[in-house]
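Hey, can you work out the whole structure from these sequences and the hints?
Going down the list, the protein sequences come from chains X and F. Take the first sequence: its letters are residues 1 to 209, numbered as in the working numbering. Take the second sequence: its letters are residues 210 to 1420, numbered as in the working numbering.
No lab work stands behind these hints: they were computed from the structure. Treat each hint with caution, since some may be false.
Computed list of lysine-lysine pairs in DSSO-like fashion (alpha-carbon distance at most 27 angstroms, straight line) [said to hold, decoys possible]: (1) X:K194 - F:K1399; (2) X:K125 - F:K1323; (3) F:K847 - X:K194; (4) F:K718 - F:K847; (5) F:K1399 - X:K79; (6) F:K1319 - X:K194; (7) X:K125 - F:K1361.
Predicted model only: the values in this text are computed from it and were never measured.
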Amino acid sequence: METEEIDKNKIAADIFAEFFEVALHCILYTRRLYPAGVFERRKKYNIPVQICFHPEVSQYVANVVDSVKQLMEQKEMEKVVVVVFNKQLQPVERYIFEVVSPGKKNSEDRFLYQLEQALRAFLLKLNVCDSLLSSLPEDNTWTVQVHTKNSAAERLHDYQIVQDFPWVLADSSETELPTPTLIPLKAVDSDLIKMQLYVEESGFKTGHS
Amino acid sequence: MRRSRGRGHQRSRGDGWDGWGGYMQAKRQKLQEQYKGEEVASQIFKGVSIYVNGYTKPSSDELKRLIILHGGQYEHYLFKTRVTHVIATNLPDSKVKEFQEKKVVKPEWITDSVNAGRLLSYIPYKLFTDRSQLQQSLGVFSISGDTSIAYSSSCISQESDDLQKADHKSLSDDKHENTISETAFPSTRNLTKSSLTSVSLSPSKSANPLNHTMTGYSMGRAGDPQFLNEFYSNSRLHHLSTWKSEFREYVNQLQKKGGDFIGRMRLQQKVESSGGSSEKQTGKLKRCIMHIDMDCFFVSVGLRNRPDLKGKPVAVTHSKGRGAPANTPGSDLDFEKKQWELKQQRGGKKGPQKEDHLLEHDFPDLSESESEEEEPPSKIVVLDTQEKFHSMAEIASCSYEARQAGVRNGMFMGKARQLCPDLVTIPYDFEGYQIVSKLLYDTVASYTHDIEAVSCDEMLVDCTDLLAATGATPEEFASMLRQEIYDKTGCTASAGLAPNILLAKMATKKAKPNGQFYLTSEDVKDFIVSQSVKDIPGVGWSMMRKFEILNVVTCGDLQKTPLETLLKEFGPKTGKSLFHYCRGKDDRQVTVEHQRKSVSAEVNYGIRFHTDSEAVKFVQELAEEVQSRLRNIDMKGKTITLKLMVRRPDAPRETAKFMGHGVCNNISKSVTLPMATDDAKVIGKECVAILRQQKAQAADFRGVGIQVHRLEPAVLGPPSQKGHQSILNFAVSTNPASVSKSSPVKQSSPGKFLTSGKQPPPGKVSSIGNDTKQCDFFKTSVIKTSTLNGNMSSPCNNSSPGKHLSPGKHSNQEGLIQVDKCTNVNSIVSNDKQMDTSTVGDIQTLKGRAVLKEIEEEPVLLIKNDESNEENELSDNFADDDSLAFIHPSGCIMEELARRKTAKKIIPPLPVLIDIPTPETPKSRTRNSSKDTIQADQSKDYFPSPSQLDLSCLNALPEDMQAEIRAAYAMQNSRQSSGNNKSPAKAHTNVSPKKKVSPSKRSSPSKGKYKSPTFKVPRGRPVSHGHIRRRGRPKKLEFTSTKPVVQKGFHTQQIEEQEPSCSPALGDSDKDVENISKHVTAELDISTSNSKKTCRSVNLHGAVTPAEVKSLIKEWLVSVSAPEKDDEAVMTDYLQELVLDKNLEQVEIVLKCLYRYIHVHKAAGWFSALRRILNHTQIVIQSFYGSTLKSMQQWQLECGNEEFPCHITYE
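Structure follows, in structure tokens:
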């Protein structure tokens, strides 16, 4: 029983990490955080996705995903947030992947077809989120924040989960948006993963404050 | 030299590192040249290429040295095409299989040949000459003590003794040829006998097929009961198509039989007497392939009995070429002619000529007959249709005299008569063909067994070995053989001899008629240059067209074409082989042993179904035919393909050729099974399922075929015996009691019940299923669970479900699935099996249909058992009723419960099901508990209780159907009243005798007014099945709404025991409804607090998925002008829960939906409600997420701007 649980955890982390990596690239592309020229078309979950092939970007993404995966395996993670900052380093958009322990048990999705379909739906939704959000100003930057349990945060101080890729505590000014609104994108509940994705959008993106 | 051909150009650098494959190439080359330094002692092994496997004595090194020393090749790697012989002393079973098609020879062959100074025949040295069919597995061979067991099951017992003895002998000294052949003989004698009978055609019926055509209309039509039998005994096509495989099989048997070559000895004598050509031959042997082909086989066989016709133009055909019968009504000759011409034009005039007969094609039809007419097609049209072009019968074979006049095989009779007015037609003589080809094969087999059967009158013989053994020249052998064939059969044969198959076939063409041609390797070059490219195997009209463009006519022209062009034009594979073929190179081996790849049965003639059921039945018959063919060769297949020829929409209904198939679209669909099968039922079921998926009308079917491929040997079964026993049969024989039980299982076979179903006229159907367009998809499923008590031995009980159901009537609307479960204490195991087979099959068909339904997105259903209800009751019974335990050991009941669960698991995904719970009055419940048998409980299951019947749906049915259904219920009721406890299956105790349908419903026919009956929402489907439902059924809440026919399972309310006053029959007033709402809301609260424990999905009265929720909301909005407070509260609660459940997406969807509907309806009461709901939800979200939904902010503003002032009412 115990081992089964752990196993499921691992599998869930695996699946999520796999998905998250693609989703991250997807955000980078659809929100035009990098020029379209550094992306190339690949196929994932049977749909075309854009993956950034700039070595440093993809390395950074890979490191983030690695860490996220480990945190998730240990069940220490609550949310992963991709934050987009404007020129003044004020957060303007937050893409929140909220992962909770799965609600469904023993569903019929033995081969994960439904889950895969759901993940595909996530990506498709991400691809069109452009139209749901107001446009971004120029010269943005981005980062990834992970909401973890306290225990994990403390452990992170002590050692690096991924070599040479230290995580630092986020400042509250980086996590909170001024006058946020919320745009739900997608949610899935399956045997392995229950997660939802929504976007918080700041009222004034150009940020002249 | 042969071997270096393929990659010779890569040799440029020779260091082995110049590109892909270069290393291996270099390695092989070095190995090859290892012994080059030594001078070649002789050319004994010229053309022989060996591969040594495993330990040999002498060692492989020594063998290598020997073979290279004497002119042969040694291969380090097993190249299928290059290696001519495999040398081994011992082979594991897996390798035996692998090398099945190779000549596996003992090393002594090499050493002895070297000693003798010439290439000896490898036959005596064959490692497996002694392998009979029965000995195929080494396991049997090695455990000699057990052989008697193995054999006694499979062959006739007296012979098994011989066998056993022989086996022991062969084990003790397996080196000696004599013993080996002795061993093999007794068993194969038996085998050949039996298989010969299977080979022989049923002559009695086939003798005069002509009559059938001439009498015309007496010919059967598919769908007639005896059609298939008749067809297979009459169709020439059937015979022809089976010949090739039969003869291959026959050759295999001959090979296994071994025995001495009488012919070979005679040949040797002759050679010796004619004076020592043998020295000439020694050490100078080349590969020599002979291709033997009878000269216009059908004609010459037919002429055996009609010597008077010799020398006249003769054709074999069905038709006598008499005046045409009146056109088949409904046919359109012109149309088919046109299609035919079209085809021809497309094909080009130079389409390949089919040799002698169209073996592969049953009833060579319009599309197949690409004859090479010289005139432009337009001329045909000019002909007087009625007189000249009357006969669509093809000429199967015609004599050379007729050919001179331009008649060709495959030509239509009418046309042929035009070209050659004095053409004499003779009928088929299947018996004669059979006899002659058997003689032909026997004759050749008396010389050698290196035969590849090409067809009944054509074969390839690898005579390298034979010639080596006898020392005869190829010409000597060929003439002797041909003479012998002529003496024995009275028919002439032509022979082509050449170093390879390709050239042999070309040589035969040159040799014809009645001649022989030996093409020596020296002459190849000159010969090939003049050959037409048309004669290269695999060149059809499409390639011919390309050749035309390339301006290539002969092989000589082709030789001039560079390889690159060929590769570009024809693709890498074809291009390469063309490149080689046109140079006369062909390294294909004569495939001596042959494995069947597929088994099929196909009928393209006389298929005229009137109804779907006929088609289904026919497919099942065809499946039986396939089964018997599979069993004949002891194979099972994994993939089943159904081939359909469907009349092309623009083609006329009747074909010009009587009962032919005309112009068709071909459809073929396959399924792959998890396990190989040879069972007609399984095959039939699969095919029927495929058939059902086709949109085509059964009436348009013109051809049906079933093919089974991916064959594997039927390992467990005894070979080729008629009484095949399935496990089921075993169960029957050992347990007579279960025989009667298996009958309901049979009834449930989908084919049968589908057969009994009539398609209702589509118009009527659509009136029931509001938007249903397709009657095909109207078939819905009722899951019936009939449980038979083990104590019941009277068969009438067992068949009771059938009686109750009268499936013929019901299947008008419902596909019935019976899951028969037998709680027979004695035979649980066997029952399990039955159940499995029946359920599996049914579910498969169901799936097929379910898929269809999904595509149509029109799930319409009338009736379904409420399984949970059933479970509920069952457990009630179980708990309430002690007497149960006496009748059934409790274990059985548990099993029963468990089975129900599994059965249910399978059911839910079906989109066709709609829950209609039984409104059980307290009265019925008491009744129920007073009667105490499980049967009573379940008997209701196979016939939905009247109360479960949605009257509005019933009303929508055609009147005669209604009458039938009512009659069925009346019968049931009368039976109930007469039933007593002793015949429990008949006691439908918990069905209330009267139809308990709410009056409101009764008064609402499909188009009726919406009064305001109460509706319940579908229960959440993904709810976990694991727990037993609480009686209260907390999640059911009523909205006051109406609409009698709702697509997705809104249904009458289940009234709780505790609240009899709320019975829907009475609860017409709003007050009652409100009562219920309150009650249920309270329950809902309880259940939400439970929800975490039970892992339920958040739902709105059971609606979970967005679609469900949407339809529910729609209902709600339509039904009332302003929302009840309670309902509004339910909605807000639901939204709140969704927020808590972290499913913002759905929150938004639901709100969007609400917003949109409300704006459409513009009902005043709703706007304020919407605003309140929005506000509340925003607050909840705000508190959890620190922000609010963007889209809603806008709506809130809008709502505020509407005529209603915005008050935040949430506290």
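Okay, the hints, checked on the actual structure:
1. X:K194 - F:K1399: holds (23 angstroms)
2. X:K125 - F:K1323: holds (26 angstroms)
3. F:K847 - X:K194: violated (39 angstroms)
4. F:K718 - F:K847: violated (40 angstroms)
5. F:K1399 - X:K79: Given pair F:K1399, X:K79 holds - Cα atoms ~21 angstroms apart, limit 27 angstroms.
6. F:K1319 - X:K194: With Cα atoms ~22 angstroms apart, F:K1319 and X:K194 stay inside 27 angstroms; holds.
7. X:K125 - F:K1361: Cα-Cα ~17 angstroms, so holds.
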